[in-house]
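Enquirer: Below, each chain spelled out in residue letters.
Number of protein chains: 2
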Amino acid sequence: MKYSDKILKTPSSFIRNILKVASAEDVISFAGGLPNPISFPIDALQETINKAMEVHGPKLFQYSTTEGYLPLRQYIADKYNRSYGLTIDPEDILITTGSQQALVLLSEVLINKGEGIIVEEPGYLGALQAFSLTEPTFYPVQLKNEGLDVEQLERTLEENPSIKFIYTVPNFQNPTGITYTAENRNAIYEVLKNYDVVLIEDDPYGDLRWSGEKLPYIGAGRLENSVLLGSFSKTVTPGFRLGYIITKNKELLYHVNTAKQATDLHTNIFSQIVIHDYLVNNDLAAHIAKITDLYETQSNAMLAAIAKYFPPTVTYTKPEGGMFIWVTLEEGMSALELFQKAMNDKVAFVPGDPFYTNKTNVNTLRLNYTNSSPEVIEEGIKRLGKILYEVTTKELV
Amino acid sequence: MKYSDKILKTPSSFIRNILKVASAEDVISFAGGLPNPISFPIDALQETINKAMEVHGPKLFQYSTTEGYLPLRQYIADKYNRSYGLTIDPEDILITTGSQQALVLLSEVLINKGEGIIVEEPGYLGALQAFSLTEPTFYPVQLKNEGLDVEQLERTLEENPSIKFIYTVPNFQNPTGITYTAENRNAIYEVLKNYDVVLIEDDPYGDLRWSGEKLPYIGAGRLENSVLLGSFSKTVTPGFRLGYIITKNKELLYHVNTAKQATDLHTNIFSQIVIHDYLVNNDLAAHIAKITDLYETQSNAMLAAIAKYFPPTVTYTKPEGGMFIWVTLEEGMSALELFQKAMNDKVAFVPGDPFYTNKTNVNTLRLNYTNSSPEVIEEGIKRLGKILYEVTTKELV
Chain A
1 MKYSDKILKT
11 PSSFIRNILK
21 VASAEDVISF
31 AGGLPNPISF
41 PIDALQETIN
51 KAMEVHGPKL
61 FQYSTTEGYL
71 PLRQYIADKY
81 NRSYGLTIDP
91 EDILITTGSQ
101 QALVLLSEVL
111 INKGEGIIVE
121 EPGYLGALQA
131 FSLTEPTFYP
141 VQLKNEGLDV
151 EQLERTLEEN
161 PSIKFIYTVP
171 NFQNPTGITY
181 TAENRNAIYE
191 VLKNYDVVLI
201 EDDPYGDLRW
211 SGEKLPYIGA
221 GRLENSVLLG
231 SFSKTVTPGF
241 RLGYIITKNK
251 ELLYHVNTAK
261 QATDLHTNIF
271 SQIVIHDYLV
281 NNDLAAHIAK
291 ITDLYETQSN
301 AMLAAIAKYF
311 PPTVTYTKPE
321 GGMFIWVTLE
331 EGMSALELFQ
341 KAMNDKVAFV
351 PGDPFYTNKT
361 NVNTLRLNYT
371 NSSPEVIEEG
381 IKRLGKILYE
391 VTTKELV
Chain B
1 MKYSDKILKT
11 PSSFIRNILK
21 VASAEDVISF
31 AGGLPNPISF
41 PIDALQETIN
51 KAMEVHGPKL
61 FQYSTTEGYL
71 PLRQYIADKY
81 NRSYGLTIDP
91 EDILITTGSQ
101 QALVLLSEVL
111 INKGEGIIVE
121 EPGYLGALQA
131 FSLTEPTFYP
141 VQLKNEGLDV
151 EQLERTLEEN
161 PSIKFIYTVP
171 NFQNPTGITY
181 TAENRNAIYE
191 VLKNYDVVLI
201 EDDPYGDLRW
211 SGEKLPYIGA
221 GRLENSVLLG
231 SFSKTVTPGF
241 RLGYIITKNK
251 ELLYHVNTAK
261 QATDLHTNIF
271 SQIVIHDYLV
281 NNDLAAHIAK
291 ITDLYETQSN
301 AMLAAIAKYF
311 PPTVTYTKPE
321 GGMFIWVTLE
331 EGMSALELFQ
341 KAMNDKVAFV
351 PGDPFYTNKT
361 NVNTLRLNYT
371 NSSPEVIEEG
381 IKRLGKILYE
391 VTTKELV
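Chains A and B, in that order, are what the protein sequence lines are. Mapped onto our numbering, the consecutive letters of the first sequence carry residue numbers 1 to 397. Mapped onto our numbering, the consecutive letters of the second sequence carry residue numbers 1 to 397.
No lab work stands behind these hints: they were computed from the structure. Some clues are possibly wrong.
As the list makes no split between identical chains, a pair holds if one copy fits it or if it spans any two.
Taking lysine-lysine and the DSS-like style, the derived pairs with C-alpha atoms no more than 30 Å apart in a straight line are [said to hold, decoys possible]:
no. : residue 1 : residue 2
1   : K59       : K20
2   : K113      : K359
3   : K51       : K290
4   : K20       : K248
5   : K250      : K20
6   : K59       : K79
7   : K59       : K290
8   : K9        : K248
9   : K346      : K318
10  : K308      : K79
11  : K2        : K193
12  : K59       : K2
13  : K113      : K9
14  : K51       : K386
15  : K248      : K193
16  : K341      : K250
Put together the whole structure using the sequences plus the hints.
Expert: Right under this line is the structure:
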């Protein structure tokens with residue numbers, strides 16, 4: 001039997017395979033990307049569910065509309081308008097089955113085989129997978145400490161008129177933890193306003209900030225083809241698979257709605273109503289503060305351990321929020337080889353390779369800190385540091 | 001801005017537009033396809049949820065595996081093995097976000113642009129939509145009272161080597177209510193065993209039988225590339241969006257898993273665990289009997305009213321289960337024109353057009369009976385019958 005070209009080109013998750021190896025009881029794993037269970041407000045959700053059963057009855061269990069539960073879309077619109085001074089209406093929002101689905105839908109709606117997508121280098125693996133299903137040409141643009149390489153962005157757009165959209169994660173990016181600066185955002189906007197392309201700003205981690213100031217989006221409110229993606233996975237629960245697309249481009253959203261309908265008719269309505277009722281009846285800010293306090297402690301513990309135990313030739317990002325630190329080893333080193341050694345010493349991370357569209361054996365790696373205590377973080381980083389010193393010494397000899 | 005060819009070719013739901021017109025308070029609507037709310041075991045689900053919160057805790061809310069909750073897959077395997085004498089393992093099953101998602105995933109995995117899909121004529125509109133996203137060539141094969149036209153099926157396969165799969169709904173088909181006979185199933189099997197194609201048997205309504213005997217599947221257990229699709233939407237709740245793919249073809253399921261991962265990572269785990277716990281702790285057979293008793297009464301009321309009020313030139317199917325009756329008007333009549341007249345008299349149905357890949361202004365229409373009382377059914381059919389007599393008389397004049 002023959003399979004489609006697109007599925008043969010779609011990478012199966014490298015990370016999931018690593019997670020299987022890394023999931024042994026005695027392994028200290030920085031490989032995952034799971035939110036800490038502290039982020040699930042279980043008791044409040046149980047209370048909400050019991051009330052919702054009384055109030056909404058059969059509506060929780062029946063087929064529902066493709067665009068999503070109107071009061072939830074209204075809540076999201078209000079939140080963004082309040083936080084960012086935008087003028088979003090519920091009609092500008094479509095609820096998706098996790099923001100992962102938003103990536104597939106947008107790609108399906110915009111991309112013919114071979115057409116271009118600009119992605120961050122390194123970029124979110126799940127997005128690379130989702131986009132692959134439409135067989136695009138990837139144009140990676142380098143992610144620097146301050147954000148996208150604007151010159152490379154402009155050159156890439158100029159040279160490749162087939163480019164349909166640009167995918168960015170401007171806050172606490174996965175895998176790097178980098179946040180685009182205000183200057184970088186403005187510079188990107190100045191470039192994009194001259195091109196007929198869609199800008200996707202995927203922001204699953206935006207609420208998880210413990211340092212620095214919340215920044216305006218690059219395109220929202222000022223670029224005609226601006227798309228924002230959001231999610232409840234990092235602040236309430238990923239198990240419900242609830243994300244959303246926001247755009248003022250009505251034609252684009254109409255087509256996304258058709259694709260969504262063909263894909264799963266609509267998103268789980270029980271979960272949509274429950275999360276809405278939870279959000280309006282609970283103090284979300286206080287709940288998020290609990291999460292960010294924990295992540296800040298964990299991130300600081302990891303940064304301190306890296307400073308203490310890693311060779312000074314190793315560089316790394318210092319996140320202002322989110323879930324990841326990105327480590328760059330000395331030029332020429334292979335994070336994949338390091339991974340093998342690290343597994344022998346029972347510590348795991350994700351080698352950088354799957355976050356690139358066209359590079360292998362890179363010298364970068366991703367560390368997640370949200371599921372280990374400060375003590376475990378110190379021990380794991382100490383083990384990694386020991387290996388790094390050994391490798392570096394051997395290479396010098 | 002330019003959109004992809006595939007989204008421009010994907011029909012937006014004709015039915016949804018009709019449902020909007022038909023949803024006015026004073027309209028008797030046979031247009032929908034919703035299960036009756038009697039099918040939602042709300043109290044039992046509430047009890048299950050509260051227990052599940054205690055037993056499973058954070059696991060209900062965390063990210064989960066792409067293939068789905070193992071105990072639920074085990075339950076499904078056991079059910080099919082018991083009911084159909086099959087030898088399905090949990091490893092042969094992948095949980096999808098409604099069986100609608102299964103259609104998209106299979107199409108993505110199998111179809112390159114232009115390759116062939118055999119569909120029933122008339123066929124399930126949602127499947128036509130889902131498949132359209134991969135830009136296939138549709139080869140409709142006529143659905144007769146006893147099932148697929150086997151000669152046409154064989155000829156179509158012989159003449160079109162690009163055909164990758166065949167999509168069927170062998171029990172109480174949507175839109176026709178037709179059930180393939182045992183002979184027809186065997187005849188289809190005899191043809192398909194000679195071709196390297198996938199047979200999809202989509203069976204959302206199979207449990208809703210009130211008459212006749214449960215029949216073996218066409219391909220399950222004997223065709224190498226057999227795929228079964230199932231759903232909890234018609235027996236427990238569609239709001240949870242839970243369906244599944246069963247196949248012994250491990251390579252096919254591996255690719256489906258990759259596509260699923262790219263599409264939404266995994267299906268809502270809260271709903272998967274809750275439905276599993278509900279299924280193992282409750283008498284599903286008794287619950288389903290309650291649904292089929294109601295649907296049988298409603299179906300009989302509609303059939304009796306049709307016999308009484310429709311002109312004798314009108315023919316119609318007599319379902320042994322499921323949710324629909326398919327009506328064929330006199331040759332040359334347009335169900336779409338009838339729909340306009342019917343709306344004036346405040347009664348709605350779905351004209352046949354959207355269930356065909358290449359026909360318009362057909363003389364067929366779909367009636368749903370699961371959401372009206374016998375009295376309302378009689379009144380609605382009476383109104384339709386009056387219009388039909390008027391139209392027929394006019395045409396005779």
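Enquirer: Of all the hints given earlier, name the ones this structure violates by number, lowest first.
Expert: 10, 12, 14 and 16
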